[in-house]
Amino acid sequence: MAFARTADGRVTARGTAANLDYRRAGGQLNAEVANMELVPQSGSRLAAFGLLRFAAPHATGELQARHGNAWGGVRFKSTRGDRGATDAVEYDGDLIHGDQPVALSGPGYVMNGHGLVMRTDGSSLSLSHGVTGTLQSEAK
Amino acid sequence: MIHLLLAAAAAAPATLPPGPIDFSAQDMRFELKDRRILYLDGDVHLNRGDLAVVSDHAIANLAAEKTKPPPAPKGKKKKKAKATPLAAGQEIEKFTVDGNVHVVRGTRTADGDHGVVDMPAQTMVLTGTPAVKPVLHDGKETLEGDLILLHTDSDDVDVQKAHLLLHRGLKPGATPTKGPAPTPMRVDSEHLVLHN
Chain U
0 MAFARTADGR VTARGTAANL DYRRAGGQLN AEVANMELVP QSGSRLAAFG LLRFAAPHAT
60 GELQARHGNA WGGVRFKSTR GDRGATDAVE YDGDLIHGDQ PVALSGPGYV MNGHGLVMRT
120 DGSSLSLSHG VTGTLQSEAK
Chain R
0 MIHLLLAAAA AAPATLPPGP IDFSAQDMRF ELKDRRILYL DGDVHLNRGD LAVVSDHAIA
60 NLAAEKTKPP PAPKGKKKKK AKATPLAAGQ EIEKFTVDGN VHVVRGTRTA DGDHGVVDMP
120 AQTMVLTGTP AVKPVLHDGK ETLEGDLILL HTDSDDVDVQ KAHLLLHRGL KPGATPTKGP
180 APTPMRVDSE HLVLHN
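Just so you know, the protein sequences line up as chains U and R, in that order. Read in numbering that gives the first Met the number 0, the first sequence has 132 at position 133, and its numbers run on one by one without any break. Read in numbering that gives the first Met the number 0, the second sequence has 76 at position 77, and its numbers run on one by one without any break.
If you're looking for bench data, these hints aren't it; they were derived computationally from the structure. Please note that a few of the clues may not be correct.
To be verified - Residues on chain R that point at chain U, a partial pick, calculated with CB under 7 Å:
(1) Pro19
(2) Ile20
(3) Phe22
(4) Ser23
(5) Ala24
(6) Met27
(7) Arg28
(8) Phe29
(9) Asp40
(10) Asp42
(11) Asp55
(12) Ile58
(13) Glu90
(14) Ile91
Said to hold, decoys possible - To give a feel for the contact side, a few chain U residues facing chain R, derived at Cβ under 8 Å:
(15) Thr11
(16) Ala12
(17) Leu124
(18) Ser125
(19) Gly132
(20) Gln135
Please read these numbers as outputs of a predicted model, since none were measured by experiment. Heads up, the beta-carbon is just placed ideally off N, CA and C, and yes, glycines get one too.
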């Protein structure tokens, strides 16, 4: 099954799922083997990442309440080359958070932590409970 | 005096090799606002080559976004775009470390309360508190001052209001003789430079 979301005449998100159960009345959504692509708005903080791809074996959500969960091995990739993996995350309004081990990597960085809080507008990202990583340095 | 300073720098480690920075901390926060800033808190460890810095907190400032290269001439095959580093093409430019700062490099260690690591300039400025000044140790010898500037590329050290305590003979390279250890010598200076 495939789905797409549009806003102001442009596709902002699209995806596929092996099984999708959407109850229009309450805005409740259950998906299995879900893959979603987000297209950041041009000029936004997330635009530098390019296309954002998310995948999870299981996902539930309440669209009107802006709340959701994904679990069973959540994966993230961007066109720029960023990657992320954690077991489960919760979407709650403007935040995505989780308390499982998380691994992030991309051009110039590798990071691992044991908890994640991220603002959905891309303005901040926090890792917690023991963080390790490698950063590219400016020095030659 | 020159012999003294040369002697003090004799065991200095090699030039810092290029490479990325490894880090660990209890918590990390990355702010992607006007300037990209990375905050590290709690038991912070930074390692680059043989330079190790430990502190309570650290802030990494990312370099200003680089300008895009001019477009390739038409008709030529496009090269694959070079991947941009963390947060849209920015690299670590400066680290500021605070609280119980401890630096290790080769045989040298240094302690202070506040430090600024300038990555392009390959320097580290170490300061202390009014009560406790920053101090550099090299074996038994200590160098204290209001401000210690470490050049990580050359291992030169630049100290303001320096107090150097030497535990070695005056002539570098002289054969050690049996007998009592040399009397420690204290050197005070408004501005002292140790050249490697």
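Quick rundown of the hints versus the structure:
Restraint check, Pro19(R) versus chain U: the minimum CB separation of about 5 Å is within 7 Å; hint holds. A hinted interface residue such as Ile20(R) counts as satisfied when its beta carbon comes closer than 7 Å to some beta carbon of chain U; here the least separation is about 5 Å, so the hint holds. Interface hint at Phe22(R): satisfied, since its Cβ lies 6 Å from the closest Cβ of chain U, which is below the 7 Å cut-off. Using the Cβ-Cβ criterion of 7 Å, the hint placing Ser23(R) at the interface with chain U is satisfied: the shortest such distance is roughly 4 Å.
The interface hint given for Ala24(R) holds, since its Cβ lies 5 Å from the closest Cβ of chain U, which is under the 7 Å cut-off. For Met27(R), the interface hint holds, since its Cβ comes within 7 Å of a Cβ in chain U; the closest pair sits about 4 Å apart. Given the 7 Å rule on beta carbons, the hint for Arg28(R) holds: about 4 Å separates it from the nearest Cβ of chain U. Here the hint on Phe29(R) is kept, as its CB sits about 4 Å from the closest CB of chain U, short of 7 Å.
The beta carbon of Asp40(R) comes no nearer than 9 Å to any beta carbon in chain U, farther than 7 Å, and the hint placing it at the interface is violated. Interface restraint check for Asp42(R): the shortest CB-CB distance to chain U comes to about 9 Å, outside 7 Å, so the restraint is violated. At about 15 Å, the closest approach between the beta carbon of Asp55(R) and any beta carbon in chain U exceeds 7 Å, and the interface hint on this residue is violated. For the restraint placing Ile58(R) at the interface with chain U, the shortest Cβ-Cβ distance is roughly 13 Å, beyond the 7 Å limit, so the hint is violated.
With a cut of 7 Å, the hint placing Glu90(R) at the interface with chain U holds, because the nearest CB-to-CB distance is about 5 Å. For Ile91(R), the interface hint holds, the least distance from its beta-carbon to any beta-carbon of chain U being 5 Å, beneath 7 Å. For Thr11(U), the interface hint is violated, since its Cβ never comes within 8 Å of a Cβ in chain R; the closest pair sits about 20 Å apart. Interface restraint check for Ala12(U): the shortest CB-CB distance to chain R comes to about 21 Å, outside 8 Å, so the restraint is violated.
At its closest, the beta carbon of Leu124(U) sits 4 Å from a beta carbon of chain R; the interface hint therefore holds under the 8 Å criterion. This hint holds: Ser125(U) has a C-beta 4 Å from the nearest C-beta of chain R, less than the 8 Å allowed. Interface hint status for Gly132(U): upheld, as the beta-carbon distance to the closest one in chain R is roughly 6 Å, under 8 Å. Because the closest C-beta pair between Gln135(U) and chain R is about 5 Å apart, less than 8 Å, the hint holds.
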